[in-house]
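Asks: Chain residues, written in single-letter form:
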Amino acid sequence: MAVNFQGMVSTWRTLGSAATPQNIFTIENTSGSTQTVYVRRLVVLCDKTAVLTSVLPLYIVSRATAIPTGGTALNKGSLDTAQSSVANVTCRAATTADGAAASAITATAGDRMWSAYTMRLHTAVGQVLSPEFLALPNLCQSYPVKLLANQALLVQIVASAGSSNPATDHLVVNCMWTEEA
Amino acid sequence: MAITFQGMVSTFRIVGTGATPHNLFTIENQNGSGVSVYIRRLVIMMDKTGALATPSPLYRTSRPILMPTGGTALNKGNMDTALTSSAQVVCRSATASDGGGASAITATFGDVLWETYGMRVHTQAGQVLGLESLLIPTETLTYPVKLLNNQALLVQVLAPYAAANPSTDHFVVNCYWTEET
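Chain order of the listed sequences is A and B.
With my numbering applied, the first sequence corresponds to residues 1 to 181, in that order.
With my numbering applied, the second sequence corresponds to residues 1 to 181, in that order.
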């Protein structure tokens, strides 16, 4: 197989919607694509400024049951500008700008693949670390998630209550993938 | 392909400017270099001595829309002194000495590749860790970011508001790359 594109993308800073679930990122390989998409890294970063003493939301990766719609299509960053991404590959964010109002992605979660907790402030004291949290495991470097034409991957917040996903939660999703044929 | 240089560089300690965005570091492959630059590791480290109870800035890696200017050109560290870096490969820092005055890099961000949060000090208590945060993912060891001639990579602070990037924030950016023909 030939690697025809190596891409990276980062969402805008997305605020919690005070609802659950909240779709925060998708990568899609729409129908008619000549490429297979291999998702090799998917991470969530967050900062949270408010206290939460109840259980954290989960950040869940699944195969969407249908190709998503809505949201904001992101520009795809290229690791090698001699290569071009196919137009059928789309990445969506849930807002149009850093910290801006919601731009809702319409998508329904399918088979759950991986879940991650990130962090919460049980009390608002001391240092707050915001490391990368793996939305897919490291093994996907070698065993990537494969998206055939008409398939998509969805990242969503699933909270025990809408109030556990407040607007004081600030989230970014980063993704790295290759397109191969 | 032949590897003609393997380099590492570290910026001086840069302090926040009280402004946003704040360009911290660039690596450039200027016209006529005769080499391609492969960026395989790019990290930021930080210490922050002031308290910040609002969201942390994001640290953003992108391909700038034009070649950067200004700043302070850094000496390039060499992993094998039998190899020589092209003079057209330039690394810039936003200050000329550790904690020194700003030496502003002029650059405008383009397609975003990756973002990271680092940390913040919600209240000044207990231990503060200054860990590495990845500005590009570890996959770039295998799938490096490729800079052709007249291309560059830009690292910048992107704060939700200017006061969230105070002079009590201290940054270092480290980069490892190869030059190949």
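Mixed in with the good hints there might be a few duds.
Unchecked claim - Beta-carbon label-pair distances, calculated as ranges:
hint, chain 1, residue 1, chain 2, residue 2, range
1, B, 81, A, 19, 44 to 52 Å
2, B, 97, A, 84, 39 to 47 Å
3, B, 163, A, 100, 18 to 26 Å
4, A, 34, B, 75, 24 to 32 Å
If you're looking for bench data, these hints aren't it; they were derived computationally from the structure.
Glycine included, every Cβ here is placed at the ideal spot set by N, Cα and C.
Asks: Now tell me, hint by hint, if it's right for this structure.
Replies: Hints and how they fare:
1. B/81 to A/19: 44 to 52 Å: Distance hint for residue 81 of chain B, residue 19 of chain A is violated at roughly 58 Å.
2. B/97 to A/84: 39 to 47 Å: holds (42 Å)
3. B/163 to A/100: 18 to 26 Å: holds (20 Å)
4. A/34 to B/75: 24 to 32 Å: violated (46 Å)
Taken one by one, the earlier hints fail for this structure at numbers 1, 4, listed in ascending order.
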